[in-house]
Structures are given as C-alpha cells and as structure tokens.
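Be aware that the first sequence starts at 57, since it is given in our numbering, and climbs by one per residue.
In case anyone wonders, no lab produced these hints; they're calculated from the structure. Just so you know, these numbers come straight off a predicted model, no measurement behind them. Treat the hints with caution; some may be incorrect.
[Stated by the list, open to error] Here are the in silico distance ranges between beta carbons for each label pair: (1) 548 x 351: 48 to 58 Å; (2) 155 x 348: 43 to 53 Å; (3) 410 x 179: 54 to 64 Å; (4) 201 x 143: 22 to 32 Å; (5) 362 x 471: 56 to 66 Å.
Glycine included, C-beta positions come from ideal geometry on N, C-alpha and C.
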Amino acid sequence: MPDASSSAGKPRVRFAPSPTGFLHVGSARTFIFNWLYARRTGGTMILRLDDTDVERNTDASVTSIFEGLKWLGLGWDEEYKQSERGKLHRQMAETIFQKGLAYRDFTPAHTGDSEKSGAQGTWLFNPGMRELSREESDRRAAAGEPFALRFRVPRESGRVVAFTDAVYGEQSKAGADIEDFALLRSDGMPTYHLASCADDADLRISHIIRGQDHLSNTFKHVLIFKAAGYVPPQFAHLPLLVAPDGTKLSKRRHGPVVSVTTYRDAGFLPEAFINFLCLLGWSPKNDREQMSRQELIDAFSLEGINRANAVVNFKDSDVGRAPTPANPEDMFDPKALWLNAETIRGLPVEDLSQRLLPIVREAGFNVTPERMLQITPLIRERIKLLRDVLTAADFFFVDQLPPYDPAELIPQKGDSAMALKVLQKAQAVLPNVEFKHDPLDQALRAAAQPLGIKAGQMFQPIRVAVCGRKNAPPLFETLAVLGKETTLERIGQAIRKLDPSGSA
RNA sequence: GGCGCUAUCGUCUAGGGGUUAGGACGGAAGAUUCUCAAUCUUCAAACCCGGGUUCGAUUCCCGGUAGCGCUACCA
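Construct the entire structure; sequences and hints are all you get.
Here's what the structure looks like:
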C-alpha cells in the first residue's frame with residue numbers, strides 16, 4: 057500500500073492556492089509556514105495551483121499570486137497545475153467508485169438547495185441515490201443522464217473518522233455527521249476534495265500545512281485517502297488570520313489591506329512582512345520578535361503553532377469601503393509597521409539607498425544613486441515604510457519648495473523680526489563656510505551669540521527656510537547635502553516672504 | 001439548526017496546580033536633543049463565566065457563554 061505520509065523520505069509540503077482572487081495575507085502566511093517547514097527539515101516545497109474551478113479562475117489572479125510570491129522571494133522546488141492533472145483525478149474517482157465507496161447522484165445540481173439550507177434541515181446524503189442499484193445506476197449513466205459522483209460515507213452508528221493534527225491534536229468525528237460530499241461534478245470535473253487528495257497522494261505530500269478552515273474538511277480527506285488505498289499524510293492546521301471585527305479576512309469586507317501586493321506597494325520590506333506574518337499564530341517561545349530569515353528557519357516548528365485565531369490589527373473603521381487613506385500608515389497593523397521600521401534601520405545604508413532609489417524615481421524625481429546615498433542616512437530613522445521617503449526627504453528632490461506659511465519661520469519665543477534677523481545673519485555667514493557638519497555647526501552656533509538668542513532659535517528659521525517645515529532631519533547634515541547654493545537660495549526666498557518690501 | 005475548533009493586557013504572545021502572570025506593539029510620563037525621529041527609563045493594561053477535582057486553580061475535567069470554521073456538483 058502506497059504511503060502518502062512517506063515516513064521514509066524527507067518531508068514534502070505544498071502550498072496550493074486557488075486562483076480565484078489575489079494572494080492574500082493569510083495565504084502568504086500559509087506559504088511561509090510551509091516553506092519554513094521544508095527548509096527547516098531539508099524537505100521539498102511544492103507550489104500547486106488548485107485551479108479546478110474553471111468558472112472562477114482568472115489570469116489576473118494567477119498573476120497576482122505569482123507577483124506576491126515573487127516579492128516574498130522565498131521560492132519553491134516544484135510546481136504543478138491541477139487543471140493539467142485531470143486524468144489522475146478521474147482515475148482516483150474511478151478507483152473509489154469501483155470499490156463501491158462512491159455512488160452516482162442523478163439529482164440535478166442545486167435542486168437540493170432549498171431542503172439543504174432549510175431552517176432545521178441538515179443535508180447529509182441522498183437516500184434515493186445512495187441506495188440506487190448498480191444496474192440502474194449503470195443504465196442511467198449509459199443513457200447519458202448527468203450525475204455527480206458522491207462519496208459513500210460510512211454512516212453506521214459507531215463509525216468514526218479520526219486523525220491526529222500536529223497543531224490541534226486528536227480529531228474525530230462520527231461518520232453519521234459527515235455528508236456524502238461530491239467527488240466529481242456532473243460535468244465530469246473533479247471537486248476540490250478529490251483533486252486535492254489525488255494530487256497530494258500522487259505528489260507524495262507528507263505534511264499538509266494549511267488553514268484551519270480545512271480542519272473539518274480533513275475528515276472527508278482522510279476518507280478519500282483511505283478509500284483510494286493511501287495512508288493519509290500528516291496534517292497541521294493553522295489558526296486563521298482574522299480582521300479586527302473577528303471575521304475572516306476578505307477583500308469585499310476589508311479592502312486592499314488583505315492583499316500582499318498592497319504591503320509591497322506601500323513600502324514594506326519583504327523580510328519584515330514575513331517576520332510579521334510569522335508572529336501571527338506562531339511563536340518561537342523565547343520572546344524573540346525580530347528574526348532574520350535564517351533565524352526563522354532555525355526556530356520554526358509545528359509545535360510552536362498556536363490554536364486561536366489571530367487578529368491582523370489594521371484600522372477597519374471604514375469596513376466595506378476601500379481604505380485608501382492619504383496616510384497609508386493608518387491602514388496597517390502597528391506591529392507590522394514597527395517591524396518594518398526596525399528592519400529598515402537595520403539595513404546597511406547602501407542597501408536601503410538602493411531600495412529607495414526606484415521609488416523616488418518612479419515618483420518623478422531625478423536623483424542620482426550618489427545623492428540618494430547621501431540622503432539615506434538622514435531619513436533612515438525617520439521612515440516606517442519605504443514610500444515614506446517621498447514625504448521625509450521631499451525637499452531634497454524638488455527644485456522649488458512648495459509654499460509654506462511664513463509664520464513657520466518664527467522660532468520658539470521669538471517673533472518675525474527675530475526670524476528675519478536670523479536668516480539675514482545666516483545669509484551673511486554661510487557663503488564663507490565649508491558645507492560640512494562641523495564647520496556649519498560651529499559657524500551657526502557662533503552666529504547665534506551676537507544676536508543674543510539660543511542655538512535652537514537660530515536653527516529653526518533656517519530649517520524651515522530650507523525644508524519648508526519644522527520637522528526634518530538634523531540641520532547641519534541637511535545643509536551639507538543640500539549644498540551651499542540651494543541653501544542660500546532658499547534662505548533668500550524665506551527672507552522675501554518675511555519682508556516682501558525688502559525694507560530691511 | 002448540526003458538527004468541529006478556540007478562549008491570558010486594546011493587539012500579537014510566553015507561562016503553567018502555589019508566579020509580583022513575563023515579553024513585544026500600541027498608549028501615557030520622563031530623560032536626551034537644533035525640530036522630528038531614534039535611543040534610554042518609568043507607568044497603566046489580561047488569565048470569559050459557573051461548577052467539579054485539589055490543601056490550593058488562570059492552569060486539569062465538565063457545563064455555559066461568546067467567537068470562528070465547516071455544513072456547495074467553491075476552494
């Protein structure tokens with residue numbers, strides 16, 4: 057008897073998304089856990105597109121899944137498409153049917169719906185069809201009457217289906233509580249249950265690591281594996297990722313926050329995103345939070361997986377509407393943001409600079425790699441998302457500062473006369489200063505003295521004059537990168553704002 | 001409705017028959033500083049409810065409640 061759990065060899069795991077939507081964060085986490093398990097155990101990671109639902113499959117979805125996975129950058133070892141393996145699926149259905157463990161159901165599709173979903177009614181099987189004699193069944197099939205193939209679930213009292221889940225432990229369910237699920241649709245296409253099991257068996261999958269929404273389906277799968285003569289693989293179900301409102305993440309209800317590409321486009325680092333997802337429903341149990349890819353591989357184990365659903369704590373005040381706020385930070389889980397900021401800070405400047413450059417260029421700014429490299433250390437500790445570079449370092453990129461309120465130029469405990477004095481002093485002093493941190497520091501501090509003001513009062517008007525706002529990176533580094541020419545030009549503009557008449 | 005699963009700070013989690021119930025994010029306060037950020041310090045914040053077992057339950061068992069999942073010829 058073939059053993060699907062292949063206890064002898066290395067583990068073989070799979071990620072099997074159905075291309076009926078974009079890659080969402082829950083799927084991404086399932087992929088990651090499978091990948092981690094494979095890498096941890098020296099096993100094989102398989103990507104299988106479960107595309108048996110021709111009606112709902114879309115190319116856009118396939119593209120989105122590959123795009124998302126490509127961004128994660130984890131990779132896989134083997135790749136399959138379920139739609140190309142129909143023969144295998146039908147063979148397994150035939151095997152089960154020939155053993156008498158499945159029967160033809162000639163009831164037209166959907167007509168059973170009303171009774172099934174009735175107030176009390178729980179549909180379990182179709183007595184008339186389940187009991188149909190083989191002769192009559194064959195006759196009607198031969199006559200061309202369409203039918204679905206249903207599994208003949210053993211429902212005598214006392215019959216239970218059982219398996220051990222690596223996360224949820226011993227599971228068992230009475231056969232009488234399992235409905236006679238379909239194996240083949242009336243158009244001959246396999247259902248998910250059949251196709252999935254047939255492929256898992258054929259691909260010698262040893263561990264099925266998937267969402268907990270499949271936990272109750274697993275009883276059916278165990279039935280299929282055994283009916284077809286296979287030892288079921290090991291199962292490990294993952295707690296679900298849910299929205300703050302407690303419901304399963306869905307695009308319709310929660311919008312783009314559930315799509316992996318949204319994180320990518322917002323400026324998440326894939327390593328930080330992976331790190332974040334790993335912390336939902338799994339724990340290394342030693343209080344570690346920030347972990348590199350290798351650390352995650354080394355720490356990963358099925359035992360560390362939690363049983364309770366985990367909330368992805370994004371802002372869902374506008375549930376139902378697509379959250380596309382001006383401030384993208386608002387829509388993400390704060391911990392994901394923090395992890396991303398931490399990862400950004402931990403990146404070598406050169407590396408970060410290279411990742412920032414394409415974003416800046418795409419926004420329409422002409423920046424050389426050399427200049428980007430100078431700017432990067434100034435904003436590294438000030439951005440949470442890569443895209444924040446656009447707001448944190450904007451004044452480095454533009455030729456003309458966007459308009460700002462001249463009142464911003466006024467320093468603490470000062471007035472516009474003081475601001476003007478400061479800027480004029482700067483204008484006088486700066487041309488003779490070397491534009492490097494220390495000389496600028498010394499020159500500007502010295503300039504504050506004769507004015508009888510504090511250093512802070514000296515710096516503030518200059519900062520606003522060159523950056524266009526009060527909150528900005530440290531002044532001397534900023535001036536050094538901006539250069540003497542731009543600095544003096546912007547100071548001149550600020551003076552004219554303060555004193556349009558030029559009377560002073 | 002039936003069946004299955006789950007339940008520790010707002011969120012992610014550690015822990016486990018006797019603990020000051022630990023960490024992290026977020027929040028608050030303070031330190032530092034040319035602003036902001038970063039950094040450091042401090043603070044507030046949790047064992048769903050009821051029984052049982054026990055000398056002792058947040059931890060074990062049972063029940064309740066709540067949430068989630070499945071209950072399709074979707075996956």
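Here is how each hint holds up against the structure:
Between residue 548 and residue 351 the Cβ separation comes to about 52 Å, which falls inside the hinted range of 48 to 58 Å. Checked against the given bound of 43 to 53 Å, the beta carbons of residue 155 and residue 348, roughly 50 Å apart, stay inside it. A beta carbon spacing of about 58 Å between residue 410 and residue 179 agrees with the range 54 to 64 Å that was offered as a hint. At roughly 24 Å, the beta carbons of residue 201 and residue 143 sit within the given window of 22 to 32 Å.
Between residue 362 and residue 471 the C-beta distance comes to about 59 Å, which sits within the given range of 56 to 66 Å.
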